[in-house]
Amino acid sequence: AQTVTQSQPEMSVQEAETVTLSCTYDTSESDYYLFWYKQPPSRQMILVIRQEAYKQQNATENRFSVNFQKAAKSFSLKISDSQLGDAAMYFCAYRSATIAAGNKLTFGGGTRVLVKP
Amino acid sequence: DSGVTQTPKHLITATGQRVTLRCSPRSGDLSVYWYQQSLDQGLQFLIQYYNGEERAKGNILERFSAQQFPDLHSELNLSSLELGDSALYFCASSVTGQGYAEQYFGPGTRLTVT
Numbered sequence: 021a022q023t024v025t026q027s028q029p030e031m032s033v034q035e036a037e038t039v040t041l042s043c044t045y046d047t048s049e050s051d052y053y054l055f056w057y058k059q060p061p062s063r064q065m066i067l068v069i070r071q072e073a074y075k076q077q078n079a080t081e082n083r084f085s086v087n088f089q090k091a092a093k094s095f096s097l098k099i100s101d102s103q104l105g106d107a108a109m110y111f112c113a114y115r116s117a118t119i120a121a122g123n124k125l126t127f128g129g130g131t132r133v134l135v136k137p
Numbered sequence: 026d027s028g029v030t031q032t033p034k035h036l037i038t039a040t041g042q043r044v045t046l047r048c049s050p051r052s053g054d055l056s057v058y059w060y061q062q063s064l065d066q067g068l069q070f071l072i073q074y075y076n077g078e079e080r081a082k083g084n085i086l087e088r089f090s091a092q093q094f095p096d097l098h099s100e101l102n103l104s105s106l107e108l109g110d111s112a113l114y115f116c117a118s119s120v121t122g123q124g125y126a127e128q129y130f131g132p133g134t135r136l137t138v139t
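Protein chains in written order, with my numbering: chain D, 21 to 137; chain F, 26 to 139.
One chain only, chain F, in its complex shape (with noise of 0.2 Å):
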């Protein structure tokens, strides 16, 4: 156990509607990550926020957007759901949000589309 959550485990949902995955870090991280895990695009790297301020942006889509809370858990919002954004997301969590922080990984949310 990582000591990172993340809700739903699992989530089916239909086309064009909206998901809303969330991430709570270990104690004491303050920043979290979010990776998408898809057979097409393999492990991708989408957003990072560092207490509550965006990091680093990778591919993440204009459809999906993010954000952490003042209590350091962070939400990932997927909008106009298509069957291609099925896959496994997952959060991590670090220590800091520079230098080297090893990233402890969530066990994900695995979200189908249909």
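Isolated chain D (complex conformation) (with noise of 0.2 Å):
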């Protein structure tokens, strides 16, 4: 079975600072995704940005990044110009890629993200 930890519980930045979360998987698929969900206050869960596991170039969507390192089963999320509005819990989940696993998320722990003013 597959896992997903994030090793930091809170992280805290300064407002316009970059901060950076950590997720390592275990898997011994070759083909899957991975994914960084925002969790706010309001518990609405909103996905923040994917990457496909064949792909080498790591996924962007404007202010968040991530450096996808297949080899070592890290998938870290960088978030850049930090805003009050990023304040959340943040998930990294897995997705196989193999029909028979369905398209369940494996979620890690989560980690608090603070953004100090």
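Certain hints may be false.
As the list claims (entries may be wrong) - Some chain D residues close to chain F (C-beta under 10 Å, calculated; not the full set): (1) 50; (2) 53; (3) 57; (4) 62; (5) 63; (6) 64; (7) 65; (8) 88; (9) 115; (10) 120; (11) 122; (12) 123; (13) 125; (14) 128; (15) 129; (16) 130.
Unchecked claim - Some chain F residues well away from chain D (every beta-carbon gap over 10 Å; in silico): (17) 86; (18) 89; (19) 95; (20) 105.
No wet-lab data here; the hints were simulated from the structure.
All residues carry an ideal CB built from backbone N, CA and C; glycine is no exception.
Please dock the two separately framed chains into a single complex, following the hints provided.
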């Protein structure tokens, strides 16, 4: 079974600065997807960014970018120019590309991001 | 707004009781997923349905059951409730049940068992 680990329970960042969240995963599969979800105080789950394992290029979405290291099974999220609205729980998630596995997401334990004005 | 609706938003009930959580997927989505978010277990996948049929099963307790109806809405039934069942229950939907298909999450139903 796949596991996802987020080793940082909480990270603090100054507004306009950069913060990097760590995520490692364990899998024997070669084809899969990785995601970062944001959960603000409203509890809504919002997809921030996704990465296909077969793509070597790191995904970028505006101020959010990832560092995907397939061999190391590492998938970190960098938030640049942090804004107050970025304060939330961030979850790393894994999804197998195997048909038999369905589309279920396996989540890490989450990292709380605090943004200081 | 993701387009996925869940009712009720909040539910308070007593131990031993049974409740039903309802989910309506986005228009056109055929697959529905249920996830549980609790302090003890974190966010975990419970079950997936695709076009009325069970597609994948996770750590779903035997006291829990789900189904997807012909109109594609889904219900999660929780019975013989225990204090530990208190959690936020999310429904998500996607267009297909395989290949890459983004999952869109509903706002969740917060269940409190007293």
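Here is how each hint holds up against the structure:
no.	hint	result
1	50	violated (15 Å)
2	53	holds (6 Å)
3	57	holds (8 Å)
4	62	holds (8 Å)
5	63	holds (6 Å)
6	64	holds (6 Å)
7	65	holds (4 Å)
8	88	violated (16 Å)
9	115	holds (9 Å)
10	120	holds (8 Å)
11	122	holds (3 Å)
12	123	holds (6 Å)
13	125	holds (6 Å)
14	128	holds (8 Å)
15	129	holds (5 Å)
16	130	holds (7 Å)
17	86	holds (16 Å)
18	89	holds (16 Å)
19	95	holds (21 Å)
20	105	holds (25 Å)
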